[in-house]
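Colleague: This is what each chain is made of:
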Amino acid sequence: MTVEWGHFALILALVLSLCQVGLPFWGLVGRDAALMQTARGTAVGSFVFTFLAFTALSYAYVQSDFSVINVAMNSHSTKPLAYKISGVWSNHEGSMLLWVLILTLFAALVAMARQAIPLSLLAAVLMVQGAVASAFLSFILMTSNPFLRTLDVPAEGRGLNPILQDPGLAIHPPLLYIGYVGFSIAFSFAIGALIHGRIDAVWARFVRPWTLLAWSFLTLGIAMGSYWAYYELGWGGFWFWDPVENASLMPWLAGTALLHSTVVMEKRDALKVWTILLSILTFSMSLIGTFLVRSGVLTSVHTFASDPSRGKFILGILVFFIGGGLSLFAWRANALRQGGLFAPISREAGLVLNNLVLATMAATVLIGTLYPLVLEAISGDKISVGAPFFETTMLPLFLPLAVLQPLGTALSWKRADVWAAMNRLSWAFGLSLLVMGIVLYATRGGSVLAPIGAGIGLWLVLGSLGDLWLRVWRAKAGWVGNLSRLTGLPRSAWGTALAHAGLGISLIGIAATGWGTEVISTVGKGAEVPAGPYRLVLEQVITRNGPDYRETIGRFQVYSEHNKLGVIEPGKRIFIGQTMPKTEAGLMTLGLGQIYASLGDFQPDGTVSLRLYWKPLVVLIWGGALVMAFGGFLSLLDRRSRIAAPRKAGLAQGDAA
Amino acid sequence: MWQRVQSLPAFVLVVMLALSGLAPLHAVEPDERLADPAQEVRARALSSGLRCLVCQNQSIDDSNAPLARDLRILLRERIAAGDDDATITRDLVARYGDFILLQPPFNPRTLVLWTAPFVLLAAGGWILFNRSRRRPAVDKTAPLTEQERENLRRLLAQDQADPHSDHPNHRA
Numbered sequence: 001m002t003v004e005w006g007h008f009a010l011i012l013a014l015v016l017s018l019c020q021v022g023l024p025f026w027g028l029v030g031r032d033a034a035l036m037q038t039a040r041g042t043a044v045g046s047f048v049f050t051f052l053a054f055t056a057l058s059y060a061y062v063q064s065d066f067s068v069i070n071v072a073m074n075s076h077s078t079k080p081l082a083y084k085i086s087g088v089w090s091n092h093e094g095s096m097l098l099w100v101l102i103l104t105l106f107a108a109l110v111a112m113a114r115q116a117i118p119l120s121l122l123a124a125v126l127m128v129q130g131a132v133a134s135a136f137l138s139f140i141l142m143t144s145n146p147f148l149r150t151l152d153v154p155a156e157g158r159g160l161n162p163i164l165q166d167p168g169l170a171i172h173p174p175l176l177y178i179g180y181v182g183f184s185i186a187f188s189f190a191i192g193a194l195i196h197g198r199i200d201a202v203w204a205r206f207v208r209p210w211t212l213l214a215w216s217f218l219t220l221g222i223a224m225g226s227y228w229a230y231y232e233l234g235w236g237g238f239w240f241w242d243p244v245e246n247a248s249l250m251p252w253l254a255g256t257a258l259l260h261s262t263v264v265m266e267k268r269d270a271l272k273v274w275t276i277l278l279s280i281l282t283f284s285m286s287l288i289g290t291f292l293v294r295s296g297v298l299t300s301v302h303t304f305a306s307d308p309s310r311g312k313f314i315l316g317i318l319v320f321f322i323g324g325g326l327s328l329f330a331w332r333a334n335a336l337r338q339g340g341l342f343a344p345i346s347r348e349a350g351l352v353l354n355n356l357v358l359a360t361m362a363a364t365v366l367i368g369t370l371y372p373l374v375l376e377a378i379s380g381d382k383i384s385v386g387a388p389f390f391e392t393t394m395l396p397l398f399l400p401l402a403v404l405q406p407l408g409t410a411l412s413w414k415r416a417d418v419w420a421a422m423n424r425l426s427w428a429f430g431l432s433l434l435v436m437g438i439v440l441y442a443t444r445g446g447s448v449l450a451p452i453g454a455g456i457g458l459w460l461v462l463g464s465l466g467d468l469w470l471r472v473w474r475a476k477a478g479w480v481g482n483l484s485r486l487t488g489l490p491r492s493a494w495g496t497a498l499a500h501a502g503l504g505i506s507l508i509g510i511a512a513t514g515w516g517t518e519v520i521s522t523v524g525k526g527a528e529v530p531a532g533p534y535r536l537v538l539e540q541v542i543t544r545n546g547p548d549y550r551e552t553i554g555r556f557q558v559y560s561e562h563n564k565l566g567v568i569e570p571g572k573r574i575f576i577g578q579t580m581p582k583t584e585a586g587l588m589t590l591g592l593g594q595i596y597a598s599l600g601d602f603q604p605d606g607t608v609s610l611r612l613y614w615k616p617l618v619v620l621i622w623g624g625a626l627v628m629a630f631g632g633f634l635s636l637l638d639r640r641s642r643i644a645a646p647r648k649a650g651l652a653q654g655d656a657a
Numbered sequence: 001m002w003q004r005v006q007s008l009p010a011f012v013l014v015v016m017l018a019l020s021g022l023a024p025l026h027a028v029e030p031d032e033r034l035a036d037p038a039q040e041v042r043a044r045a046l047s048s049g050l051r052c053l054v055c056q057n058q059s060i061d062d063s064n065a066p067l068a069r070d071l072r073i074l075l076r077e078r079i080a081a082g083d084d085d086a087t088i089t090r091d092l093v094a095r096y097g098d099f100i101l102l103q104p105p106f107n108p109r110t111l112v113l114w115t116a117p118f119v120l121l122a123a124g125g126w127i128l129f130n131r132s133r134r135r136p137a138v139d140k141t142a143p144l145t146e147q148e149r150e151n152l153r154r155l156l157a158q159d160q161a162d163p164h165s166d167h168p169n170h171r172a
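These protein sequences, in sequence, are chains D and X. Residues in the first sequence are numbered consecutively from 1, following our numbering. Residues in the second sequence are numbered consecutively from 1, following our numbering.
It should be emphasised that the hints constitute simulated quantities derived from the structure, not laboratory data. Watch out, some of these pointers could steer you wrong.
To be verified - So the derived label-pair ranges between C-beta atoms look like this:
#, chain 1, residue 1, chain 2, residue 2, range
1, X, 130, D, 480, 32 to 38 Å
2, X, 107, D, 323, 29 to 35 Å
3, X, 106, D, 400, 37 to 43 Å
4, X, 132, D, 112, 38 to 44 Å
5, X, 93, D, 438, 29 to 35 Å
6, X, 105, D, 396, 18 to 24 Å
7, X, 107, D, 339, 22 to 28 Å
A virtual CB, placed ideally from N, CA and C, is assigned to each residue, including glycine.
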């Protein structure tokens, strides 16, 4: 029965979401505060029922109830509990349910947040959220229902796809979806503002925390996906410019731009119209990403055309919300008053440049991803747009932006002296240049781009952290005094600096891939293989059983020049219920670098083909992303993000007294 | 049934593995490699720009599909036979079309693709440049009237009298 209750709860969630659209709309038209207030209750209710539906599906997975088609297709009774649960979102239906769960959660959080949002704006925002939720709940119920039963109950499930049975991929979708869907709040606020016809710095203050939250989670989600691809796919790359990856990168780039433009709006009341547009575009990118991944259009245009029900439904949602949002923008944007003037050389102007480049990058990824699909649909010509295209177009956009970034943070608001800013950071620039020169000389004959990239990365790190130091440094205060001034800086200042430094750290890691080594060879027992400064010796080949798989591994002993460092065990696994073996890479982290070993087929004579990499500083790629996300979270804890709440509480107390 | 095992990035991989249809081999196998290191470097560079035709967005250098292996061996044979990179690429395009190139060629069909980033950046920059010229850079807002000054003074005095006010400007 649980499953039927879940199904019923999902229908109720849809009904409540529809009320969440209708009632506040009526309230807004009739200026009826009581009706507007219903937006809160319906939003929370919609979340509660979606949550119940999600719990019911999870329960079916935990119980291995194979009478539910979705469970039978994607789970197996021998799975460890964690993978039974993550199995819920390992498939199309379940992951859409997770998507909507997060969407309704965000709406409920906005409804309950202690932000002093004017009621009419709140009602409009929740109304838009309700509309998005209704669309996707209908999509699930009509085309992708996870609660369908079968009378022909199989004795055993088909099992989770082995590549999904991994801790990284278990938490990757939730992180990514919190990011994707979190941008819906900015979208709803933008539509709300357009309906409302008013927008000011306070609006930016409401929106910024939600954007920051979404952005931080999206950063984590992308990093997690990248690390998963790195160790799981077995060829050691960390980013493939795959359409599915691009689908997550587009909202990230647009969201990053949005984060910056909201700052300008909050501080200086400028860039209002642009921020509204960007809010609409960022969530549009999330929707396009969802469409690309969920419609099957990526596999091939023909697959999409042969079973178009899901794809067409999402396409309809896409057209309605993006088209509707942009039309409303075109109609109402003139009603928004521009404010906050600034000189061509100023912090604002720097952030405008940042937005121009980030928006161009997002558009480039979008065009590159969609171009082959559109071209094939129009002319039937098939072309590929792969990594080389994105590298040639994105690097010339990104590297200058990275070089200019620390300078931008050093500029003052309204009107700035660019020479003074350069002067302030000249030591960081000089030091980075010096290191770049030394590395360039030391690695001459090798990659040229690697030292340049690493130098720019270092400049980002030194520039952002150095800027913090220069902000507090007073000659008279002494070391202790200056340090305490440093810790006394607002958390948002630290957040900004860490996010930018994190970008630099990632860049250094990416650049360092140019210094990696690769060995491809066939090895037998006792063979010795070099990996950068280390050596590996194949000790033995073992076949053994895991909880729900059987694996054959090569046990390699890792040596530095003089010491034994440990063992890595790359191998191949065959999961119960599956026939295809899955490659398991062997990884050892040494300092900031990693040894990466991946095995091919085991030959009858006991040898095996081996791909062995030494990847110096590779950990920095994801470490930098973690630092970026941490910066985002730290900024969220700033009192500026919460300012609306305590003020409201203070006023209430004042009234009571 | 592969359709049902979608999850974000895994989706692609699933399709890829399904299409490759075989146990994942290694991408470049040791026995494929050319004896001459310089030729092998050329082969790697060339193969990383060629698409594995049955895979999703993967180069033949990364792919373990049998067709990718065949192509890797083919182009190594051509390199060993003394053909230059351009000739090999031209022949492959002649047989498989532009689809095999991961970096699309610059031609009328890809004009929009290649120029879009530049055009967008230039157009955005042009709009910004025009706006900054048209709009006054300096704040020309009218100065406060006497009445407004008086109001401001009163508000500020009121704020100072109330130390618990939570206005951000009040810290420090």
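Colleague: Going back to the hint list, which numbers does this structure go against?
Modeller: Hint check: 1, 3, 5 and 7 fail, others pass.
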